[in-house]
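Asks: Once you've looked at the hints, dock chain B against the given chain A.
There are 2 protein chains.
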Amino acid sequence: MAKVVSGFDDIKSKEIGPAIILIDPQLGNNIGSAARAMLNCGLKDLRLVRPRDGWPNASAVKMASGATEVLNNTKVFDNTLDAVSDLNLVLATTARMRDLSKTVLTPKKAADWLTSHNAHGGRSGILFGPERSGLVNDDIVLADAVINVPLNPKFSSLNLAQAVLLMGYEWFQNSIKSKTVGQETERTMAAKVSEREYFYERLESELDKSGFLYPDHLAPTIKKNLRSMFNRTGLTQQEVRTLHGILTALTNPKN
Amino acid sequence: MAKVVSGFDDIKSKEIGPAIILIDPQLGNNIGSAARAMLNCGLKDLRLVRPRDGWPNASAVKMASGATEVLNNTKVFDNTLDAVSDLNLVLATTARMRDLSKTVLTPKKAADWLTSHNAHGGRSGILFGPERSGLVNDDIVLADAVINVPLNPKFSSLNLAQAVLLMGYEWFQNSIKSKTVGQETERTMAAKVSEREYFYERLESELDKSGFLYPDHLAPTIKKNLRSMFNRTGLTQQEVRTLHGILTALTNPKN
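These protein sequences, in sequence, are chains A and B.
The opening residue of the first sequence carries number 1190 in the numbering used here; numbering runs sequentially from there.
The opening residue of the second sequence carries number 1190 in the numbering used here; numbering runs sequentially from there.
Extracted from the complex, chain A is given alone in its bound form:
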């Protein structure tokens, strides 16, 4: 294990491990257990969106069993978009696809994506929905791909902290493996969520002006499908700039 220890210290996991983002978590117990599972796997960036019982939370501290460095650095957000806006790769854990067309990854494959992405300096995060209901489509569309854990189809609902552990475990196994494995093909830096969102909003604004987002009651679905389509492709920063250029050209032709 000695080599693992020193290797682990070298890679500064805080900077390169994925952020864990819990949306509408209900129980402090689960947040604390998730924090413990994260630190077991060397993950330290915990983000909470609208924790039901507020933050900080005494039950979370108790269940974290000493993972205080995770709890002390936990950030709280009002909405999912703010929680992921600095990330370049976002994966969403969900049992059901709910009419969105997204790449579906196993935890192992997802860990490969995260490891490869982090190796190129990008920041990544994994979304987890609330205990009972799971993620809603508005959150899933923000993701580049979804993660589906192959489990007993007759009893597949994982406890929240258990789901966090599985992802952390697969990531950690990769992170100690990747030191001996060759680098992946180089690729350009993925755009941040905030950069993508700015383009989507500009596109929507132009589509609205042109009458495309009509009738009104269909507009939210159209917007969701557009984001889903573009997010799936893992847009680079250069591509987002190109899309802006296209939008400008089509709406303000020079001739």
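Everything labelled a hint here was simulated from the structure, so no lab data went into it.
Where hints are given, some of them may not hold.
As the list makes no split between identical chains, a pair holds if one copy fits it or if it spans any two.
[As the list claims (entries may be wrong)] Result set (DSS-like, lysine-lysine): computed pairs, CA atoms no more than 27 Å apart in a straight line:
id, residue 1, residue 2
1, 1366, 1343
2, 1412, 1291
3, 1343, 1264
4, 1412, 1366
Replies: Chain B in isolation, oriented as in the chain A frame:
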């Protein structure tokens, strides 16, 4: 997933999956969470050696979240030897080796042993020690090999149910592997190349009109990059129709 379901039923997991044996478990909560994690992974044979708070246990029922078929079949033993006497292969989870010379397996390697063993009709089980102290040597010596989970060396103590989940997860991935190989994730019909090309040509024609494909010598590169971006996303037929609609809307606004 339909094929997974039937494959899973076929293998009669109750008979061939490893038994989970908890030695001196203290908290009913943890036993219940372990039962839930087991059923998530299709494991149903739970054995308890000297549960501190007796059995059955109301906290366990609460935390099992409906994994009653595991709890109802749980067997209780006075000592570890009785709990494992019908098994042909016993693995012990432990963080420390305590002066015993044993083969050390990762969870993944352990799952390979279990799967291979079960395929030959043998019965297997995995020992887990009490929450705080872990397994004692008297129990570890009963095992054919020990399992050590590679985790953050500075914070490696896993919650009991989390440890059960990791082993169940690796076992389940192995048990379904052969049945799911070659299966693609179900998704909406991808657009044909000819359908995509027609859209790209229309887009390029509009971009050309608008002056975006200028200067001429860069046009081929811009076109290539656009195709590359859209093709990467695996456009569906519906999405190609949407893109046509967007192009029409942006170039021929209604107002």
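Asks: Compare the structure with each hint and give your call.
Replies: Results of checking the hints against the structure:
{"no.": "1", "hint": "1366 - 1343", "result": "between (33 Å within a copy, 18 Å between copies)"}
{"no.": "2", "hint": "1412 - 1291", "result": "both (15 Å within a copy, 25 Å between copies)"}
{"no.": "3", "hint": "1343 - 1264", "result": "between (35 Å within a copy, 23 Å between copies)"}
{"no.": "4", "hint": "1412 - 1366", "result": "neither (40 Å within a copy, 37 Å between copies)"}
Hint 4 alone, counting from the list given before, is not met by this structure.
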